[in-house]
Amino acid sequence: MTKEVQDAYRAGVPIFIGYFPAAVAFGILSKGCGISLLESFCFSALVFAGASQFIALNLLMTGMGPGGIILTTLLVNFRHFLMSACLSAKMAKTKKRNIFLVAFGVTDEVFSVLSFKPGPLSSKFVIILESAAYSAWVGGTVAGYVLGGFLPEILTKSMGVALYALLLAILLPEIKQSLKALVLAVASGALNILLIKLDLLPHGWNIIACIFAVALAGSFFIPGEAKEEAYE
Amino acid sequence: MNKLIPLILGMAAVTYGPRLIPFLLMTGRQLPPRLDAFLKCIPAAAIGALIIPGVFSATPAMPLAAASGMVFTLAFGLWRGGIIIPVLGSVGVTYLILFFAG
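Chains A and B, in that order, give the protein sequences.
Count along the first sequence from 1, add 416, and you get the number used in the numbering used here.
Count along the second sequence from 1, add 5, and you get the number used in the numbering used here.
Don't take each hint at face value.
Examples of chain B residues toward chain A, derived with CB under 8 Å [to be verified]:
{"hint": "1", "residue": "Leu25"}
{"hint": "2", "residue": "Leu69"}
{"hint": "3", "residue": "Gly74"}
{"hint": "4", "residue": "Val76"}
{"hint": "5", "residue": "Leu83"}
{"hint": "6", "residue": "Ser95"}
{"hint": "7", "residue": "Val96"}
{"hint": "8", "residue": "Leu103"}
{"hint": "9", "residue": "Ala106"}
Hint data in this document are derived by calculation from the structure and do not stem from the laboratory.
Glycine is no exception: its CB is placed at the ideal position from the N, C-alpha and C atoms.
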């Protein structure tokens with residue numbers, strides 16, 4: 417085993433440990449939403465995007481149709497466009513056939529690890545790290561779905577808070593870095609309460625309106641901090 | 006009974022597309038600053054609208070239970086950070102409150 421492969425496995429361990437329980441929660445929640453094991457497996461195996469999968473379950477429960485859920489997924493996951501743009505610059509020498517596999521595994525956490533690694537990235541290192549994340553995510557989903565039924569009912573009910581806690585835990589490091597994330601999140605939540613009270617939009621579409629309106633307002637009114645953020 | 010498969014394939018396509026396209030283009034060009042700023046605002050805006058006010062119906066019989074779990078996530082996340090303990094801890098706190106007060 418070369419040093420590079422050892423480094424890749426070492427970097428993959430915290431990612432594996434971080435992903436597995438979140439995936440177990442997804443498996444349990446997806447079962448609670450009444451979807452099949454195959455569907456739950458396909459969510460994690462084909463979409464492979466943590467927050468947006470929890471969001472999709474959430475939206476399914478609100479009764480939103482597939483068009484709205486896919487549009488929300490696009491909005492939520494479009495940030496990976498920037499992450500991939502950044503990573504592709506660090507992987508200029510990668511063979512064309514490898515980029516299709518590398519691109520599939522660009523998640524927030526994998527990106528964070530890769531973007532802080534100095535120097536150019538080899539596709540071998542990236543694919544090992546992404547495989548650690550992927551196996552934890554898919555394995556945890558199936559484990560949660562299959563074994564979740566053996567857990568006590570109050571615990572399963574308590575799992576309902578897990579997706580919100582996960583979203584908050586993902587957001588908190590951003591809030592610590594700048595007030596901007598806090599202002600955006602609170603403004604968006606407040607607008608969502610207002611839109612739900614007004615009851616003007618079809619069910620579930622309030623969230624899309626909030627994301628568009630608040631992100632657009634944010635891009636005009638909040639000074640850019642692009643150079644300070646970790647996209648180097 | 007796998008009626009969600011078309012939805013999942015659609016979600017997979019709109020997730021994979023934005024991840025792949027920059028690798029295919031491989032250009033060193035900068036995004037227009039306005040678009041860049043808009044995209045950077047999306048995650049926080051999305052998370053805000055998803056948590057508020059939905060979290061108050063996570064434990065419908067007792068919204069205080071879920072809210073207490075979130076307070077743990079907030080406090081521990083700000084203090085030590087991480088994902089595992091804030092998430093598992095929020096479930097634990099919610100469980101304890103539902104168990105003893107529910």
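What are the numbers of the hints that this structure violates, sorted from low to high? Hints 2, 4, 9 contradicted; others consistent.
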